[in-house]
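Asker: Chains A and B supply the protein sequences, listed in that same order. Every letter in the first sequence is one number past the one before it in numbering that gives the first Met the number 0, and letter 135, counting from 1, is 134. Every letter in the second sequence is one number past the one before it in numbering that gives the first Met the number 0, and letter 58, counting from 1, is 57.
Since the hints were derived computationally from the structure, they do not count as laboratory data. One should not assume that every hint holds.
[Claimed, not checked] With a cut-off of at most 30 Å between alpha-carbon atoms, the simulated BS3-like pairs for lysine-lysine come out as follows:
| id | chain 1 | residue 1 | chain 2 | residue 2 |
| --- | --- | --- | --- | --- |
| 1 | B | Lys166 | B | Lys84 |
| 2 | B | Lys166 | A | Lys166 |
| 3 | B | Lys84 | A | Lys174 |
| 4 | A | Lys84 | A | Lys117 |
| 5 | A | Lys84 | B | Lys117 |
| 6 | A | Lys117 | B | Lys84 |
[Said to hold, decoys possible] Now the in silico label distances, taken between C-beta atoms and shown as ranges:
| id | chain 1 | residue 1 | chain 2 | residue 2 | range |
| --- | --- | --- | --- | --- | --- |
| 7 | A | Met170 | B | Arg56 | 35 to 41 Å |
| 8 | A | Pro19 | B | Val159 | 35 to 41 Å |
| 9 | A | Met170 | B | Pro106 | 44 to 50 Å |
| 10 | B | Gly178 | A | Ser116 | 39 to 45 Å |
| 11 | A | Lys117 | B | Arg103 | 24 to 30 Å |
| 12 | B | Gly104 | A | Arg21 | 28 to 34 Å |
| 13 | B | Leu157 | A | Gly178 | 40 to 46 Å |
| 14 | A | Lys57 | B | Arg103 | 43 to 49 Å |
| 15 | A | Thr67 | B | Lys57 | 23 to 29 Å |
| 16 | B | Gly83 | A | Ser116 | 36 to 42 Å |
| 17 | B | Arg175 | A | Thr67 | 33 to 39 Å |
| 18 | B | Glu121 | A | Lys57 | 43 to 49 Å |
Using N, Cα and C, we set each Cβ at its ideal position, and we do this for glycine too.
Protein chains: 2
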Amino acid sequence: MDASTPLEPSVTILRLGHRPSRDVRVSTHLLLAARALGARRAIYTGVRDPGLEESVRKVCADWGGEFTVEHASSWRRVVREWQGKVVHLTMYGLPIRDCLEQIRGDPSEKLVVVGGSKVPGEVYGLADWNVAVTGQPHSEVSALAVFLHELYEGRELLLVSPGARLKVVPMAHGKRVEGAASDL
Amino acid sequence: MDASTPLEPSVTILRLGHRPSRDVRVSTHLLLAARALGARRAIYTGVRDPGLEESVRKVCADWGGEFTVEHASSWRRVVREWQGKVVHLTMYGLPIRDCLEQIRGDPSEKLVVVGGSKVPGEVYGLADWNVAVTGQPHSEVSALAVFLHELYEGRELLLVSPGARLKVVPMAHGKRVEGAASDL
């Protein structure tokens, strides 16, 4: 039941307004969650952060897959030039259950916009869908996780990352990693 | 379809090894995700952090619900004295799809242990279930989100928080909050 072919529709994450000093851990978690749950690529705006890019690249080198991350100077240009549809995750949007079928049914490549500190009002107008994973404040990481899990209907949990140097051997109690110098 | 009665089984989060300087934003995201997705309570170990507790309490005061957060000095005591079952979220565990039915079928209160920087090996032995949301490195925030979403089968998305001072009015494009001095 493992799947090594990429999931459809293809998802690129656009992370807005990264600030290296404050956001590095949350942005890292966000990008790794995007990768682990089936997104293919991430773009981030705000301050360019080679450390963030390097830590994601290191995970990809160890754990496989084709996920890439790049910096863009203008979120507006990324959104405007996007060829597919744009989903913006926000607690102010429509409940995920009310728009998910429509999003799943649209075969175009999706740009999933995920806010940083302050999302420009313009984003709400430019997005094809503003989607709320609850109308409660929580985290862009949890919102993205539930969104991808719903979009891919759990198939993302079966993904296999080609080219992995390390691979977890699932265990009821304990830790085992194939390819590691020793068990962690 | 809104639900204002708490979800079953009841979930308490145990966040391990909080370090205020490094973890404050990720721990905040984790606790807010726990609250928004139906957990009732959180306990954290590591360094006591009044700022973390205060920011969660402020969200509860504004957005409602009964979620509480408290510090404990010994994770071992919390786990050992727990009356229900213990779930540990870890990429080294068994795939969520393979143990979820068993967890859902167990009516006892669940303690969901979520690692910080370095999880003591003992946790893997003490947990009733070590559960992996993929065998890939990502984030405790995304792992918890997918776990709660699966455990509650999406019912957590319909929760209504009693006593909320603020409430989002879902919109296709824009932001509206009832109870706020003005639209944000």
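Asker: Quick check: does the Cβ-Cβ distance between B:Arg175 and A:Thr67 fall within 33 to 39 Å?
Answerer: About 37 Å separates the Cβ atoms of B:Arg175 and A:Thr67, which means 33 to 39 Å holds.
Asker: Tell me if the beta carbons of A:Lys117 and B:Arg103 are separated by a distance inside 24 to 30 Å.
Answerer: 39 Å, violated
Asker: State, for the Cβ atoms of B:Gly178 and A:Ser116, whether the hinted interval 39 to 45 Å holds or is violated.
Answerer: 23 Å, violated
Asker: Taking the Cβ atom of B:Glu121 and the Cβ atom of A:Lys57, is their distance within the range 43 to 49 Å?
Answerer: Taking Cβ atoms as reference, B:Glu121 and A:Lys57 lie about 28 Å apart, which means the hint is violated.
Asker: Is the straight-line distance between the alpha-carbon of A:Lys117 and that of B:Lys84 30 Å or less?
Answerer: 40 Å, violated
Asker: Evaluate the given range 35 to 41 Å for the C-beta pair formed by A:Pro19 and B:Val159.
Answerer: 38 Å, holds
Asker: Is 23 to 29 Å respected by the C-beta to C-beta distance linking A:Thr67 and B:Lys57?
Answerer: Violated, since A:Thr67 and B:Lys57 (Cβ atoms, about 38 Å apart) do not stay within the stated range.
Asker: Given the hint of 40 to 46 Å, is the C-beta distance from B:Leu157 to A:Gly178 inside that range or not?
Answerer: The hint (40 to 46 Å, Cβ to Cβ) holds, given that B:Leu157 and A:Gly178 are roughly 43 Å apart.
Asker: Is the distance from the Cβ of A:Met170 to the Cβ of B:Arg56 consistent with 35 to 41 Å?
Answerer: Once the Cβ atoms are compared, 38 Å apart, the range 35 to 41 Å for B:Arg56 and A:Met170 holds.
Asker: Would you check the hint for B:Lys166 and B:Lys84, treating anything up to 30 Å between C-alpha atoms as holding?
Answerer: With a Cα-Cα distance of about 34 Å, the restraint between B:Lys166 and B:Lys84 is violated, given a limit of 30 Å.
Asker: Within a Cα-Cα threshold of 30 Å, do B:Lys166 and A:Lys166 meet the stated pairing?
Answerer: 44 Å, violated
Asker: Starting from the range 36 to 42 Å, see whether the pair B:Gly83 and A:Ser116 falls in it by beta-carbon distance.
Answerer: With Cβ atoms ~38 Å apart, the hint holds.
Violated hints, in rising order: 1, 2, 5, 6, 9, 10, 11, 12, 14, 15, 18; the structure is consistent with all others.
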